[in-house]
Amino acid sequence: MMNASFKARYEPETASAAVTLAVRPGDFKLKASVTDATFVKGPSLNGLSLGVEKPGFFIVNYNVPKSDFRFQFMNTVRVAEKPLKLTYIHSKGDGMTILEGDFAFDASNKVSANHVLGTNSTKVKYSYVHGGLTTFEPSYDFKKNAWDFSVSRRAYGDDVFKATYQTSSKDLFFEWSRNSKINGSFKILASVNLAEERKNPRLIAETTWDFDA
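Heads up: the sequence shown at position 29 corresponds to 29 in the working numbering, and the numbers run straight through without jumps.
Incorrect hints may appear among the rest.
Derived DSSO-like pairs (lysine-lysine); straight-line CA-CA distance at most 27 Å [to be verified]: (1) Lys41 <-> Lys82; (2) Lys7 <-> Lys143; (3) Lys181 <-> Lys54; (4) Lys7 <-> Lys82; (5) Lys125 <-> Lys66; (6) Lys162 <-> Lys110; (7) Lys181 <-> Lys144; (8) Lys41 <-> Lys110; (9) Lys181 <-> Lys143; (10) Lys41 <-> Lys85; (11) Lys31 <-> Lys82; (12) Lys66 <-> Lys85; (13) Lys199 <-> Lys181; (14) Lys29 <-> Lys125; (15) Lys162 <-> Lys125; (16) Lys123 <-> Lys181.
Here are the computed distance ranges between Cβ atoms for each label pair [to be verified]: (17) Phe142 <-> Gly56: 35 to 41 Å; (18) Gly42 <-> Tyr126: 46 to 52 Å; (19) Ser16 <-> Trp176: 17 to 23 Å; (20) Glu11 <-> Phe142: 29 to 35 Å; (21) Asn200 <-> Val52: 41 to 47 Å; (22) Asn200 <-> Phe149: 18 to 24 Å; (23) Lys199 <-> Gly132: 19 to 25 Å; (24) Gly26 <-> Tyr62: 36 to 42 Å.
What the hints contain is simulated information worked out from the structure, not anything from laboratory work.
Remember, it's a predicted structure, so these values are computed and weren't measured experimentally.
Heads up, the beta-carbon is just placed ideally off N, CA and C, and yes, glycines get one too.
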């Protein structure tokens, strides 16, 4: 089976696009991605990346122009009969290694954390789903010593409305997203910095179309 994905992103200052082709031989997924940078000044290796994935086990991506590998390994273990998802991520270029954990107490309550090895960058997030439609997510960044808060609401089946406030930067985000296999997916994000005297909102729009063959 072959899958193609087209993604476009628009901001007031710039616009970009990317295309990803994926082939599934057996349990594996082979991917090749290009962006508008690959063709804007004639064909080049800019924006080209290759990858191989075994869903639920590992992902290996190769950034061709930067000659940079990114490795991601996933595993799930049971703790007190509850699933604990563990993820190890390493980027060869910058030498950064990230450890992530995701523990679900039940269908409504989940705690996740990530830590960058060799630094004090650690984040912890608690997620609570109320009534299957509304999600509350407070999170704490130990490096910034600051809280972030978000609340999202699913509506009309495929639509999600989300608000996020970052206390460290005083940024407020509003997001409307839709994930539909029939009509495609999109995300519209508006943000404003409440610390600025002139609170000029910033808008970002993204759209994604998937095609199967």
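### Message
Are any of the numbered hints broken by this structure? If so, which, sorted upward?
### Response
Those not satisfied are hints 1, 2, 4, 5, 7, 8, 9, 10, 11, 12, 13, 14, 16, 17, 23, 24.
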